[in-house]
Amino acid sequence: MEQPDAIIHQPVRLKIMAALKVLPQSDALEFVRLKAIVGATEGNLGAHITTLEQAGYVEVEKDFVGKKPRTRVQLSKAGRRAFENYTAYLRDIIDAAPAGE
Amino acid sequence: MPLSRNEAADALRDIAQTERRSSSAYGYKETAPFMFLWGVIWFVGYSASDLRPEQSSWLWPVLVVLGFVGSFVIGSRHPSKAKGGTSEGWRHFASWIVVALFIFATILLFQPQDGRQVGAFVALLIGAAYAVIGIWMGTRLAIAGVAVIVLTIAGFVFLKSHFGLWMAFVGGGTLILTGAWLRRV
Numbered sequence: 001m002e003q004p005d006a007i008i009h010q011p012v013r014l015k016i017m018a019a020l021k022v023l024p025q026s027d028a029l030e031f032v033r034l035k036a037i038v039g040a041t042e043g044n045l046g047a048h049i050t051t052l053e054q055a056g057y058v059e060v061e062k063d064f065v066g067k068k069p070r071t072r073v074q075l076s077k078a079g080r081r082a083f084e085n086y087t088a089y090l091r092d093i094i095d096a097a098p099a100g101e
Numbered sequence: 001m002p003l004s005r006n007e008a009a010d011a012l013r014d015i016a017q018t019e020r021r022s023s024s025a026y027g028y029k030e031t032a033p034f035m036f037l038w039g040v041i042w043f044v045g046y047s048a049s050d051l052r053p054e055q056s057s058w059l060w061p062v063l064v065v066l067g068f069v070g071s072f073v074i075g076s077r078h079p080s081k082a083k084g085g086t087s088e089g090w091r092h093f094a095s096w097i098v099v100a101l102f103i104f105a106t107i108l109l110f111q112p113q114d115g116r117q118v119g120a121f122v123a124l125l126i127g128a129a130y131a132v133i134g135i136w137m138g139t140r141l142a143i144a145g146v147a148v149i150v151l152t153i154a155g156f157v158f159l160k161s162h163f164g165l166w167m168a169f170v171g172g173g174t175l176i177l178t179g180a181w182l183r184r185v
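Protein chains in written order, with our numbering: chain X, 1 to 101; chain G, 1 to 185.
It should be emphasised that the hints constitute simulated quantities derived from the structure, not laboratory data. Keep in mind that a hint or two might mislead.
Taking lysine-lysine and the DSBU-like style, the derived pairs with C-alpha atoms no more than 35 Å apart in a straight line are [to be verified]:
#1 X:Lys67 x X:Lys35
#2 G:Lys29 x X:Lys68
#3 X:Lys77 x G:Lys29
Calculated from the model, a selection of chain G residues having no Cβ within reach of chain X, i.e. all distances over 10 Å [as the list claims (entries may be wrong)]:
#4 Leu3
#5 Leu12
#6 Ile15
#7 Tyr26
#8 Lys29
#9 Val99
These numbers come from a predicted model, not from an experiment. Beta carbons are placed, not taken as given, at the ideal position from N, Cα and C, and that holds for glycine.
Chain X on its own, in the form it takes in the complex (with noise of 0.2 Å):
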């Protein structure tokens, strides 16, 4: 990868593709949860969780919980596939380039 994936090189899509990786496979992260963990407002993280739905990096599930609307997050094979050659990436770079650059 010559040029980090420009979906998730944005530092709230960043945390956000983050805050999801660890997660176990089929689980997701209720909005109000991801928002606390990535520390965006709530607009903020609505545009770019809608970016990363776009991108087919996430899945995003929209239910209630008895009258409450509830919008959970979780990524999907795709998302994953692309965050861990993007980390991958920076690690390559980290590894190339000489100490103290």
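Given chain X, work out where chain G should sit, using these hints.
What follows is chain G alone, placed relative to chain X:
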């Protein structure tokens, strides 16, 4: 434009920090229902130790079995299992079975004559377990574990009577409050 080494290092640091926060949050969410369950069990069991000591010898084993059955049910309802995925829940369940067996074996070995010692020992062991888990999973659990240890020792040393009621409220209460705290975002 390719990244510099510093930019790559910063990104990896952000990733590691976010992964740690997410792991903690996930662990807290998963642990909360178990804290509620065992907090209630402690409340009932320790209260009985004080108010109905003649019944506590059979009541405690029944409560512990109920606790494990309840824990199994909570673990089985994990979303990843419901979707046909695998769950690490069986490892947690098995770990606590080992702890329970250790408690049973230790009591059998030492044959304590004082019920307060048994009550304190169990609470100290569970408190220590949560403190150790918390060192790896997240601060809230470590704080809860230490709180259980400190409050147990304080009650054992300073209370001449009603140690069971003390443990029901501070021990059971700590677990229940911790469950509520772990659920908070």
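Taking the hints in turn, this is what the structure says about them:
1. X:Lys67 x X:Lys35: The hint holds at about 21 Å.
2. G:Lys29 x X:Lys68: 18 Å, holds
3. X:Lys77 x G:Lys29: Within the cut-off at roughly 24 Å; holds.
4. Leu3: Violated, because the least Cβ-Cβ distance between G:Leu3 and chain X comes to about 6 Å, which does not exceed 10 Å.
5. Leu12: The assertion about G:Leu12 is violated, with a minimum of 5 Å to chain X.
6. Ile15: 4 Å, violated
7. Tyr26: 6 Å, violated
8. Lys29: Violated: least Cβ distance 7 Å, not greater than 10 Å.
9. Val99: 24 Å, holds
Going down the numbered hints, you'll see the structure goes against 4, 5, 6, 7, 8, while the others check out.
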